[in-house]
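> Take a look at the letters that make up each chain.
Protein chains: 2
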Amino acid sequence: MATVLDHDTDLNRRMEELGRRARAAARRLALAPRAQKDRALRAAAGAIRARADAIVAANAGDLADAQRKGLAGALLDRLRLDPARVEAMARGLDDIAELDDPVGRVLAAWKRPNGLTIERVAVPLGVVGVIYESRPNVTADAGGLCLKAGNAAILRGGSESFHSAQAIAAALAEGLAAAGLPGDAIQLVPTTDRAAVGAMLAMDEFIDVVVPRGGRSLVERVKTEARMPVFAHLDGVCHVYLHEGAEPAMAEAIAVNAKMRRTGICGAAETLLVDRAAAQTLLPRVLTALEKAGCALRGCEATRAIHPSAAPASEEDWSAEYLDAILAVKVVDGLDAAIAHVDAYGSHHTDAIVTGDDAAAERFLAEIDSAIVLHNASTQFADGGEFGMGAEIGIATGRMHARGPVGVEQLTSFNYRVRGTGQTRPA
Amino acid sequence: MATVLDHDTDLNRRMEELGRRARAAARRLALAPRAQKDRALRAAAGAIRARADAIVAANAGDLADAQRKGLAGALLDRLRLDPARVEAMARGLDDIAELDDPVGRVLAAWKRPNGLTIERVAVPLGVVGVIYESRPNVTADAGGLCLKAGNAAILRGGSESFHSAQAIAAALAEGLAAAGLPGDAIQLVPTTDRAAVGAMLAMDEFIDVVVPRGGRSLVERVKTEARMPVFAHLDGVCHVYLHEGAEPAMAEAIAVNAKMRRTGICGAAETLLVDRAAAQTLLPRVLTALEKAGCALRGCEATRAIHPSAAPASEEDWSAEYLDAILAVKVVDGLDAAIAHVDAYGSHHTDAIVTGDDAAAERFLAEIDSAIVLHNASTQFADGGEFGMGAEIGIATGRMHARGPVGVEQLTSFNYRVRGTGQTRPA
Numbered sequence: 001m002a003t004v005l006d007h008d009t010d011l012n013r014r015m016e017e018l019g020r021r022a023r024a025a026a027r028r029l030a031l032a033p034r035a036q037k038d039r040a041l042r043a044a045a046g047a048i049r050a051r052a053d054a055i056v057a058a059n060a061g062d063l064a065d066a067q068r069k070g071l072a073g074a075l076l077d078r079l080r081l082d083p084a085r086v087e088a089m090a091r092g093l094d095d096i097a098e099l100d101d102p103v104g105r106v107l108a109a110w111k112r113p114n115g116l117t118i119e120r121v122a123v124p125l126g127v128v129g130v131i132y133e134s135r136p137n138v139t140a141d142a143g144g145l146c147l148k149a150g151n152a153a154i155l156r157g158g159s160e161s162f163h164s165a166q167a168i169a170a171a172l173a174e175g176l177a178a179a180g181l182p183g184d185a186i187q188l189v190p191t192t193d194r195a196a197v198g199a200m201l202a203m204d205e206f207i208d209v210v211v212p213r214g215g216r217s218l219v220e221r222v223k224t225e226a227r228m229p230v231f232a233h234l235d236g237v238c239h240v241y242l243h244e245g246a247e248p249a250m251a252e253a254i255a256v257n258a259k260m261r262r263t264g265i266c267g268a269a270e271t272l273l274v275d276r277a278a279a280q281t282l283l284p285r286v287l288t289a290l291e292k293a294g295c296a297l298r299g300c301e302a303t304r305a306i307h308p309s310a311a312p313a314s315e316e317d318w319s320a321e322y323l324d325a326i327l328a329v330k331v332v333d334g335l336d337a338a339i340a341h342v343d344a345y346g347s348h349h350t351d352a353i354v355t356g357d358d359a360a361a362e363r364f365l366a367e368i369d370s371a372i373v374l375h376n377a378s379t380q381f382a383d384g385g386e387f388g389m390g391a392e393i394g395i396a397t398g399r400m401h402a403r404g405p406v407g408v409e410q411l412t413s414f415n416y417r418v419r420g421t422g423q424t425r426p427a
Numbered sequence: 428m429a430t431v432l433d434h435d436t437d438l439n440r441r442m443e444e445l446g447r448r449a450r451a452a453a454r455r456l457a458l459a460p461r462a463q464k465d466r467a468l469r470a471a472a473g474a475i476r477a478r479a480d481a482i483v484a485a486n487a488g489d490l491a492d493a494q495r496k497g498l499a500g501a502l503l504d505r506l507r508l509d510p511a512r513v514e515a516m517a518r519g520l521d522d523i524a525e526l527d528d529p530v531g532r533v534l535a536a537w538k539r540p541n542g543l544t545i546e547r548v549a550v551p552l553g554v555v556g557v558i559y560e561s562r563p564n565v566t567a568d569a570g571g572l573c574l575k576a577g578n579a580a581i582l583r584g585g586s587e588s589f590h591s592a593q594a595i596a597a598a599l600a601e602g603l604a605a606a607g608l609p610g611d612a613i614q615l616v617p618t619t620d621r622a623a624v625g626a627m628l629a630m631d632e633f634i635d636v637v638v639p640r641g642g643r644s645l646v647e648r649v650k651t652e653a654r655m656p657v658f659a660h661l662d663g664v665c666h667v668y669l670h671e672g673a674e675p676a677m678a679e680a681i682a683v684n685a686k687m688r689r690t691g692i693c694g695a696a697e698t699l700l701v702d703r704a705a706a707q708t709l710l711p712r713v714l715t716a717l718e719k720a721g722c723a724l725r726g727c728e729a730t731r732a733i734h735p736s737a738a739p740a741s742e743e744d745w746s747a748e749y750l751d752a753i754l755a756v757k758v759v760d761g762l763d764a765a766i767a768h769v770d771a772y773g774s775h776h777t778d779a780i781v782t783g784d785d786a787a788a789e790r791f792l793a794e795i796d797s798a799i800v801l802h803n804a805s806t807q808f809a810d811g812g813e814f815g816m817g818a819e820i821g822i823a824t825g826r827m828h829a830r831g832p833v834g835v836e837q838l839t840s841f842n843y844r845v846r847g848t849g850q851t852r853p854a
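Sequence lines, in order, name chains A and B. Residue numbers are given in this note's numbering: position 287 of the first sequence equals residue 287, and the series is strictly consecutive. So the mapping is simple: this note's numbering equals the position in the second sequence, first residue as 1, plus 427.
Take these hints with a grain of salt, some might be off.
A few chain A positions that, by computed beta-carbon distances, are all more than 12 Å from chain B [to be verified]: (1) R27; (2) R42; (3) F162; (4) K223; (5) A277; (6) A311; (7) Y322.
Examples of chain B residues toward chain A, derived with CB under 10 Å [what the hints assert, rightly or not]: (8) A479; (9) Q494; (10) W537; (11) P551; (12) H775; (13) A779; (14) R830; (15) G831; (16) Y843; (17) T851.
Since the hints were derived computationally from the structure, they do not count as laboratory data. Where is the CB? At the ideal position from N, CA and C, for every residue including glycine.
Looking at chain A on its own, in the form it has when it is part of the complex (with noise of 0.2 Å):
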């Protein structure tokens, strides 16, 4: 029992002084000049260039352990560096420095009737705490992100991918230092013990913001425990919705896509909604195309009636996230039958409507409350790349601060700028 008090005080007290360290480098951070975080940022690319060998190496060391505990297939290639890998972790940084500067932006700027002029200009977040799993890329592209924006961070990665992790978080730290920025800017969290991820969710004097990317009982672990704002996503459960109005050819291109191109995203289609008055035009054609794509479907009673092949679906396949080669599929009555389903079982997340009917499109985007609303284009847009955000941290659901996308503009806030020529308020 002592021993465990021992350990759990002298974790805390080490992690507190990550925090203290990691508060302190960001007051520098928050007023370095553009070209100075855009050069450590290059000097990182580099030195991740500079270090694949090594960074490799490291990552065949978390393999060898993964294989060892047994650990999947999936969660392997995660995990997995190459040189191909390594060098896209260097571009990504490139890529960070080239975008604007979004620390001293003026959002807004008004004069007010007594000659006070007053501006909101964007400034950095403070401390952001990134807590990951197995992909050891997001070491750099989170370090990166925050960097430029003006932010400290202190990241935990997974166990698995701990060697890999280091062996980037040094590059960085050169990059750090080629830059004349303080190494305390990225922290990487040195210890795998996962007490020390409890300990990071209760620093809300240390850490401003804390982004978990992983799994949903990591998500969940964060909303429930974390004392400070969350930027975070527990699910995807994305749809699309064929209404009437849609044009054949272009609803079974985006269910298509929106389903199959890439399974596994947060992004990806997980319910196909249609109009009973388009479903015996609509269906044949579009569930075929979706089976000839190697997926898998569960339908409503009129959707089997329609495609016997669809499985029948359960109460349980409306909210799934299958995150997998399946899609639930549903015959609504109509417009509002879909709006109201969508807000019944959606998460939130990204939900698209296909038709012609520009009226109908601006409803849906009016009234369903998600994050990211398309008409006419694919769920799988979903991606601050995509959007012209250069890359991102997450896609946040919540509602506060962040919502959809998490860029180096989200990754800022602001405060007001006041001028004046001795103003003083009236009684």
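Fit chain B to the given chain A structure using the hints.
Here is chain B on its own, set in the frame of chain A:
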């Protein structure tokens, strides 16, 4: 024991029902056009005027109870409603009706190379919880601001103002009904049971953000217990910094106004910093004027050497929020020392520099990490109305979502609306 449990279960069940109804109302409010919301606001203002006698009578009952309980004079004054204050509440609602609709604003719009157009559009936050103390007018102000921003409100007033708040809420309900909006859009927690606050703070499923309006102990409790985001400020330890380049008459006018115009508001100055190089010139004049205005001074040694009538300041004075006619005064060694002092002792609320040196001012504005920073203007301008934002529900010192005055725009979130012509995402 069983009774307590039954009571808690019953209270939680009732609070949850309140939340469920708020959520349903929020869905309808989110789609209400501006004209309908403004009709409700104006009808509510009319109902407040029509019911003025009943509101004042209900308030008289609250006042009598409070006097029996021995409430202090300042609290009694906050609680008191007279015909003028009732009229001010009604006018406040009329003023909110005049504000532009914050919902539906296109915050950004751009086109992607693939032809997709993307809009970021303001939408309501959802359900706002407001927990306040003795001022009954918060019922109308907060309810009206939430309504204008398309949010449902759950209001929990102090037990002292319970009957006043009920009388005001009845007028708001009349306004909602007159405009055909759901009465559940503005709900008053119908019990003075203190456990209801705890129940509210746990209802993250039904309340999207909570705003505490009151003293430090309330705000601390809300920040600690709330499972949802909080818009709050704990302290307003605001500074006026007289730089060596300050024009003496302006320094005097701003210092006196910042401290003494109203001492009980969060934007009132609590510490005066003066450059050593200008202390001999500025301090006698400024401090004499402050004393003439009725301000007690607590100075550092250097201050007292110049102005001996100041009492000696202790370490606690540098972080004190007096909310009274008391000012801490410190001589500092130039801009860097002033910035370091504000960073170490301030509360990131509102800070001002007085100087004719624009370069020094720009450094202060850029480096002070407060919600509001001012150059040559009084800190008492820290107010949504003075910013031209209309009424405010409070001033937030957090860095997430809302910072500074929280007006109707800050009570909105946003989503992305993407319009395509059949785009699918390439592999």
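> Look at each hint and say if it fits the structure.
The hints, checked one at a time:
1. R27: violated (7 Å)
2. R42: holds (25 Å)
3. F162: holds (30 Å)
4. K223: About 9 Å separates K223(A) from the closest Cβ of chain B, which leaves it inside 12 Å; violated.
5. A277: Since the minimum Cβ distance to chain B is about 21 Å, A277(A) lies beyond 12 Å and the statement holds.
6. A311: The claim stands: A311(A) keeps its Cβ more than 12 Å from every Cβ of chain B (closest is about 26 Å).
7. Y322: holds (18 Å)
8. A479: violated (26 Å)
9. Q494: violated (29 Å)
10. W537: holds (7 Å)
11. P551: Result: holds, 9 Å to nearest chain A Cβ.
12. H775: Where the cut-off is 10 Å and the nearest Cβ of chain A is about 9 Å from H775(B), the hint holds.
13. A779: Status holds, d = 8 Å.
14. R830: holds (6 Å)
15. G831: Holds. Min distance 5 Å.
16. Y843: Result: holds, 5 Å to nearest chain A Cβ.
17. T851: holds (4 Å)
Consistency note: the structure conflicts with the earlier hints numbered 1, 4, 8, 9.
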